[in-house]
Amino acid sequence: MGILTDPSAGQGKITKIIIKYYSKISVLMYVGGVMWFFLLAYSPLNAGTYFSENALLPGLVKSEFRDESSARQYFDELQDEMKLYENSIPYPWILAKFQQIGLDTYTHNFTLNYPLGKANIKYAGKNVYGILRAARAGSTESLVMSVPYRPPSNIHPSTASSIAIMLAFAKHANRQKYWSKDIIFLITEHEQLGVQAWLEAYYNVVCGHRGVLDHGDLRGRGGAIQAAINLEFHDVNIAKMDIKVEGLNGQLPNLDLFNLATRMCSKEGIIHTFKGRENRSYRQGLKDWSYAFETMMYMVFTQATGIPNGNHGLFHRFGIQALTLEGISDKKSHYSNHGNLLSTGRVLESIFRSLNNLLERFHQSYFFYLLPSSDRFVSIGLYIPSICLIAGALFLKACGKWFRLYQYLVNLSEHGNNSDHSHAEDVELTSDLAIQENVNTNADINLMQIFGVLFFTHAVGIIIMNSPKVITRIGAEYNLNTETSVYGGFALMFAILLFTPLFVRIKSCYNSMTVLHVISLLELGTVLICLSMYNFSLGMLLGTIYVPMLLFIEPRYCRILSCIQKFIWIITHPLVVLTFIVFIFTYINFPGETFKENFGRSLAATEHALIFSIVDFMIYSNWLYGVVCCVIVPNWLCFWSILFSAPKPKTDSNVTKKDN
Amino acid sequence: MNIKTFVILILSNCSLINCASDSFTEELLIKPLYTDQIYTHFHFSTIWDTDVYTEKFQHTHLFPRALGEIIKRHNVQELHLSLTAGLWRYETWGYPITSAPPGAELWVWFKKDTEDVDKNWKELANSLSGLICASLNFIDTSNSISPEYSFRPNGVINDQYVNSSYLRYSALPREIVCTENLTPWKKLLPCESKKGLASLLNSGYIYNTRYHSLSIHFRPICKDLECGETSIEVKQYVDLVYDYLILGARNWSIRRLFGQGILGSCPLAKSSTVYVDTSSNSSLPFDLSPEPDEFVYSVRGGYETKFAKYEVKNESLSLYASYLENGKVLIHSPPVLHANQYLTGYGQEFGGIVTKVYNNHWNVIDVVVLQNIPWYIPIYLHTLKINSNGEVLKPLFIKYIPGKLRKRPYYVEIVLRLPPRSTTSISVNFEHVFLKWTEYPPDASHGFYISSSVISAMLPLARNITGLPQRGSTLSDSFNSSSGNGYFVQVHTETMVVTLPTPDFSMPYNVICLACTVVALAFGPLHNITTKRLILKPENNERLIDRVKHRLCLLVSKFKVRKIENVEPQ
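Chain order of the listed sequences is A and B. Oh and the first sequence: position 562 is 562 in our numbering, straight run, nothing missing. Oh and the second sequence: position 442 is 442 in our numbering, straight run, nothing missing.
Read the hints as simulated data drawn from the structure, not as lab findings. Do not take every clue at face value.
As the list claims (entries may be wrong) - Cβ-Cβ distance ranges computed for the label pairs, FRET-style: (1) B:GLN348 to A:ALA495: 54 to 60 Å; (2) B:ASN480 to A:GLN176: 20 to 26 Å; (3) B:HIS382 to A:TYR178: 29 to 35 Å; (4) B:GLU180 to A:TYR178: 16 to 22 Å; (5) A:ILE155 to B:ASN251: 46 to 52 Å; (6) A:TYR42 to B:PRO538: 50 to 56 Å.
Note that the coordinates shown come from a computational prediction; the quantities given were computed from them, not determined experimentally. Quick reminder that beta carbons are idealized off the backbone N, C-alpha and C, glycines included.
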């Protein structure tokens with residue numbers, strides 16, 4: 001408040017401190033932010049998970065599910081049935097089972113018009129679902145249990161046992177009179193595509209680009225969906241239950257749902273893991289921290305891509321809390337009879353009975369969190385300061401540069417006034433000789449030009465975002481496959497855009513370029529904060545990569561330094577970063593290959609990664625690709641132009657020195 | 001002994017003299033549905049030969065006096081009230097005897113001479129809420145409409161022309177129905193639940209059902225075919241749908257369904273009958289024991305139904321049905337007309353309501369679709385789209401009264417001619433509204449209900465139809481009652497829950513803390529600025545040491561002065 005009411009705030013001490021020390025303080029802020037983030041995993045600094053929603057009443061009832069034999073029978077029958085259907089769901093068998101159990105049974109057809117490539121390639125799919133109509137309600141609310149069906153030809157591990165347990169649970173549940181929410185048993189085809197199509201049909205909306213995914217229509221519905229549990233059990237005997245939460249665009253389910261799943265697994269004696277890691281306690285601060293930090297970083301990396309790591313991730317957009325239970329079979333330890341069908345069935349029963357108790361939507365507890373282990377969490381209040389510090393470094397630098405420019409202009413005008421009369425003729429003479437100095441002394445901030453640059457770079461971003469369709473069409477004419485043409489096209493555009501600074505006319509004007517620099521810094525800072533509000537991991541990773549570079553980047557006189565800066569900045573181009581990361585991962589995952597093999601493999605992988613992110617953007621509207629194209633690339637281009645701009649005139653340093 | 005019998009004689013004579021003109025019948029229909037459910041319908045009707053305009057309801061015999069007083073006081077001509085839990089699944093179960101939406105539904109025709117209909121309506125709802133312990137007091141003008149076409153008077157009316165401004169319709173989809181409603185409902189019966197078929201209504205059993213509905217229907221009827229004089233009639237229904245899976249076995253008995261057998265008829269009843277619909281016997285044969293008194297054949301709209309009839313006498317009756325074979329899967333053909341309703345869109349800004357009406361008939365069917373949408377879900381009429389099998393369908397007529405915030409609901413009534421074998425979808429978009437924070441219910445995050453839409457039609461076929469004809473007041477009246485005009489059915493769709501933007505009520509503490517902090521922080525400087533005078537202070541360029549010195553000097557001088565003061569008086 002003191003600052004608000006102090007009339008001399010503009011010229012006050014704080015301004016002077018900022019002008020003097022901003023570069024040091026911003027580096028300190030960045031380091032502080034990163035340190036803060038590192039410390040989040042340290043268990044005394046985060047909190048233990050707890051139930052916020054009283055209505056869940058977790059585990060209060062006695063488990064009654066004991067129909068293990070029918071689950072086993074379903075499993076055996078399905079194994080036989082699956083052999084008859086190489087590439088699709090054994091629809092008749094599943095429909096017949098649903099009907100025998102007494103569910104309302106429906107099928108759902110959808111079509112994907114593959115957006116890239118030359119011709120209209122269509123893929124058709126079909127989901128099957130049955131609805132258990134709750135006895136105590138009129139289909140106003142429902143819960144979903146979903147399983148992605150994987151035919152034998154699929155490369156992923158089979159999910160047949162989850163279908164068996166789902167059917168056995170449905171059979172048990174349909175005889176109960178306590179249900180107050182319908183339960184939708186959904187078996188989807190084509191992994192995430194099936195779920196996406198089903199959800200779009202359920203809500204009759206199109207999430208991605210129009211005309212890409214034709215979601216079809218549903219005949220049966222169950223009202224407002226409150227929660228969804230996706231099952232991926234790979235075996236009848238389950239050694240560990242991995243709980244997956246990360247959804248599309250980094251959305252997470254309510255922490256209460258995650259807690260519910262972990263507690264119910266513990267109750268039935270199934271070992272649960274998060275990111276494939278059990279909770280461990282070494283009773284040593286550092287070791288505990290590093291273990292927890294590693295787990296947290298796994299979550300951060302998954303979340304940052306914005307790609308859901310299970311079918312649950314697509315439910316989040318519709319306000320449905322969802323997670324995946326992945327049952328991992330442990331071939332080595334067959335001695336344990338813990339994770340058999342009975343226990344998993346009881347876990348499901350407990351979870352669904354708890355969800356059935358819900359009176360309201362999930363609204364308590366946390367929606368934004370990081371998990372260093374499955375029983376501890378970092379809430380948004382704890383982690384947001386770290387990104388604020390990191391982004392704050394950019395704001396501070398922008399502020400400092402602005403103040404410095406302002407001071408420079410003030411000094412210049414004073415200086416100019418003093419020397420106006422005496423050196424009027426000299427100025428006129430020199431102006432003909434050196435345009436640069438003329439611009440400097442004129443001290444004009446050319447706003448039109450600045451906005452021209454900003455507009456141009458962002459327009460380029462939007463063009464790039466929408467270009468893949470055209471690129472692949474052109475590529476197809478030259479008989480290039482989709483992946484190569486997109487990657488090649490992007491690389492070509494990247495190379496052409498490197499020449500942008502040639503066309504920036506104001507690059508010799510220090511003042512205008514400083515304003516551009518300030519605006520670009522502010523833009524990135526704002527984007528980082530906004531991103532981290534929604535997908536903290538993405539914001540954090542972008543922040544840690546880009547902020548130190550940007551704190552370092554400054555137009556300089558020294559040729560070598562300037563070249564180093566340019567080189568570093570090229571390395572941080574999103575396309576280069578992507579290629580680099582994939583290369584490193586390939587090198588780690590396929591050791592012992594020759595460089596040539598490795599190179600070919602990595603290049604193919606990079607091309608695929610690019611295509612996947614574009615297709616995700618078009619079908620699911622995963623906005624990682626959009627953000628990179630519309631914000632990061634234009635911003636990168638702005639800074640690229642700034643690198644070619646004129647550094648601060650040397651005369652000015654003398655001026656400021658004199659004044660000080 | 002003599003005196004006792006004498007008193008009883010006198011009493012019974014009294015009642016005979018005063019109210020001999022009324023009668024009570026009780027009936028129970030048990031109908032195994034084609035799916036895994038069994039439908040039971042309790043039908044109690046009381047008819048009293050008196051004029052609804054002149055009757056004072058001061059003294060009644062069989063007619064429920066509590067209800068009569070309310071009817072008299074609020075100038076009611078016709079009253080229909082239903083309280084329902086669960087949803088009737090038209091597609092698999094066919095049509096019920098009376099259709100009711102989930103929750104509470106009340107529609108009332110007031111007499112022509114009623115002065116202030118809205119006031120009477122509000123008061124009537126309050127009285128009824130006291131009578132049957134339901135939250136009908138939430139009914140007021142902000143959620144009531146006067147539908148023009150969907151709800152016509154069921155009973156006798158004086159003139160040809162009906163003015164729907166005397167009609168009020170309202171539905172409370174959130175209302176939960178339970179024993180507390182059943183108990184007062186049973187008290188309206190002449191024998192209450194002590195004797196007769198009503199004694200089967202054990203709350204321990206009848207709530208373990210998939211659908212359960214209580215209703216009260218009051219109307220004036222013709223006394224005889226000439227209709228020279230009128231009578232009044234009150235019908236009380238209980239509709240239950242049991243599930244074999246919940247019951248545990250397909251073989252059902254009265255005992256299994258209701259927890260006890262029939263212990264005898266109500267002594268005040270003119271007749272007490274149990275009917276079992278045995279038309280499903282041809283596909284899934286079952287044996288009834290004991291053997292029925294007789295079989296009643298009813299031909300209606302081209303479809304023959306066979307009922308097993310049991311006269312309940314003053315002795316116990318234990319009905320039992322055993323199925324002969326098991327494990328047959330029946331192919332069921334859905335009824336001619338059914339509908340469902342759902343929400344589209346996600347997020348907290350816009351949404352849509354879609355009503356799908358299925359016509360499985362080979363010919364066109366005219367239907368009236370009524371939607372009563374609460375004021376907090378403002379719909380946009382220009383987004384109304386009606387598509388039938390992919391083509392735009394022009395409605396025959398649309399009546400629309402836009403809602404007013406907190407005053408009046410949105411009322412849409414659409415008359416459609418459904419093409420043969422078609423699926424028609426009626427969609428309209430709406431916007432989410434911010435409510436005042438006091439308008440949220442205690443469980444704010446549960447969502448807000450949109451009541452079901454009502455689809456009314458005259459069907460040409462009577463397949464699956466068991467509804468009463470307009471003249472009928474007992475189940476036996478519906479047998480063999482073919483009608484040339486068609487058979488009136490009403491289909492109620494699902495209710496829907498929509499989530500409006502809800503503030504985080506769970507954190508009032510945080511909100512209060514934050515608000516207080518902000519106020520406190522802002523108050524200090526604002527107070528300073530507004531109350532203190534600003535005076536220019538001479539610039540002080542003294543160094544710290546100088547200032548300290550100055551202070552010290554001041555202190556020393558003060559001390560000296562005090563010393564001098566102390567010294568002087570001496």
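query: Hint numbers the structure violates, sorted upward?
result: 1, 2, 3
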